[in-house]
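Chemist: Here the protein sequences come in this chain order: A and B.
The numbers in my numbering rise by one with no breaks, and the one at position 154 of the first sequence is 1265.
The numbers in my numbering rise by one with no breaks, and the one at position 158 of the second sequence is 153.
If you're looking for bench data, these hints aren't it; they were derived computationally from the structure.
Possibly wrong hints are sitting among the right ones.
The calculated DSSO-like cross-link candidates involving lysine-lysine, where the alpha carbons are at most 27 Å apart (straight line), are [said to hold, decoys possible]:
id, chain 1, residue 1, chain 2, residue 2
1, A, Lys1292, B, Lys148
2, B, Lys125, A, Lys1292
3, B, Lys173, B, Lys206
Part of the chain A face toward chain B, derived, beta carbon under 10 Å [stated by the list, open to error]:
id, residue
4, Ile1283
5, Arg1287
6, Val1310
7, Leu1328
8, Leu1329
9, Lys1333
Where a beta carbon is used, it is the ideal one built from N, C-alpha and C, also for glycine.
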Amino acid sequence: MAGAGKRQRLALRLASIPMGLLALSCLYPMFFAVNNALKTRHDYLLDRFGLATQPTLDNFAQAWTGAHLDQYFLNSVIATVGAVLLLMVVSSMAGFALASLRFPYRRFLFIVILSSLMIPVQVVLVPYMRTMVALHLINTHIGLILSYTAFFLPFSVYMMTAFYSTLPRELIEAARIDGAKLFQVWWHVMVPLGMPALVTLGIINTLNCWNDILIALLTMQKNRTIMVGISALKGQYSDQIPLFTAGIVIAAAPIVALYVIFQRRIVSGIAAGAVKG
Amino acid sequence: MARVELVHVKKSFGNTEVIHDVSLSIEEGEFCVFVGPSGCGKSTLLRMIAGLEETGAGDIFIGDKNVTDEEPADRGIAMVFQSYALFPHMTVAENMSFGLRMAHRPKAEIADKVGRAAKILRLDDYLQRKPGQLSGGQRQRVAIGRAIVRDPKVFLFDEPLSNLDAELRVQMRVELSKLHTVLGNTMIYVTHDQTEALTMADRIVVLRAGKVEQIGSPLALYQDPDNAFVAGFIGSPRMNFLDATVTSDLRISAGGVEIENPTRTRLDAGMRLRVGIRPEHLDETGGVGLAARVDVVEQLGSTSYVHATLSSGESVIAEKRQSPPKPGDNIMLSFAPASLRLFAEDGTRIR
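The task is simple: from the sequences and hints, build the whole structure.
Modeler: Here it is, written out as structure tokens:
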């Protein structure tokens, strides 16, 4: 047995090598971006991969104001926050209805919503654009918020329905007997109990909305979001890699921060103790 | 307080009828227990009274009001669930006050009612805790507390003790009976455990496959069952059943002996019957004796249960309060013919 234990430890140690390489492949691009964003153009041309010798924040300042990233950043914040909140509210209500209420064609509706998950965005771009133009939603924040909500809703509804299906029905029945109307059941019971799923959903949707280029490119043609702005930087400032990487760092920072802050909330579940445990 | 009346109530799930034309009335202040094997429709019937299941046909009255189409909250009922159904994100006080808060009652009234219920249920020290920090018994008391503060006309309990361990169940059984005495409300209690039914009920409703088999006081059901199902379901260990044949209109043969017909009914010779006898009635000193061989003896301290095989090959259980035999012994199990219960082949009682 001792021999087997030793062999197992060795195997585990060996397994950590590919894991380490995987982690490195994730971290290195971040390091590359931050490191080069701190270099002057001159420093970068002299040594692309070395550490920044005279770190400067000039690139950040220039990208923020000179390349209009400040305006783009604000556009992204408005669209992302708006869409994520709207997605949370709508998917939580729809998930509650689909998981807990009995109404005609419930299963059929759920299947229709699920099936829209399988249609790629690119397929519906033409009817989507025609609708947006007809509704005068092109180049508006509302248009982008509604577009994100529409495109990311099926997955969100699916996830909330799956989560709410695991909650005991008695919780809703107990609330109904205590006189709570449907909306009150949703607000006082389903929203707080759905928090772990809603937070996870919020993070996934924040990533999706913030990182999106395609929908933003079509909807906000005059007024860019940050990811569209960054893509445009590539053409405009292709000889200014430090400036470009500073833009990338600015664009990625909120997502990284969000992930670090909410990491624990994703893992923890507050539903413990609902039933005998 | 209110009486509850079900009039020709029916319920189907799809094409399957689960409640077949049930009519019964539960008196004001009565502790009524619905009991039956799993799938008999007892929980469905309770949920129909609560308004959590729609009533297919018939009417449900609570007090003088027809509540068949009323919302659960408008029926004047409170329900305690098997899983407790406490809101895990709320404290004990918030759980108990939920209904009052939904009704927008004044804060002072809420605090007063929660305080009083907490006192009755000895939950004063736990009001600020979350359900996850409580034991099973405490959670069950919170669920009862949530029902009490609503001041309902009728309490509904859906197998509330099933999730508790044996010792706590006995304790909560006594507490619920005390609570009924203190509050005096009408209570309807669903269980599959006939011991709970016998110990707590003023009246028991025995259900099988969506039909009422018998309604009566615990003793009436135990001593005078209407059919073989009730006789076998009520009582632990269950009643012994022996195959019997009528030899003449005055005598029947069962378990290898001939006895006089203990009923007032004239029986036809050759008729096949089932004879029921409770384990405690096989411990007489006189009367008719059945020769048996002891298989197993279960010692319970004050009494013991003897599992034995009769000369006819049928198995019986007998209760022996004194000097229990040993496995392998040949014994005589004596009984008074009057303690026999006779059932026709279809299970109906012959009196």
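Chemist: Now look at each hint and say whether the structure bears it out.
Modeler: Against the structure, the hints come out as follows:
no.	hint	result
1	A:Lys1292 - B:Lys148	holds, 21 Å
2	B:Lys125 - A:Lys1292	holds, 24 Å
3	B:Lys173 - B:Lys206	violated, 30 Å
4	Ile1283	holds, 9 Å
5	Arg1287	holds, 5 Å
6	Val1310	violated, 14 Å
7	Leu1328	violated, 42 Å
8	Leu1329	violated, 41 Å
9	Lys1333	violated, 45 Å
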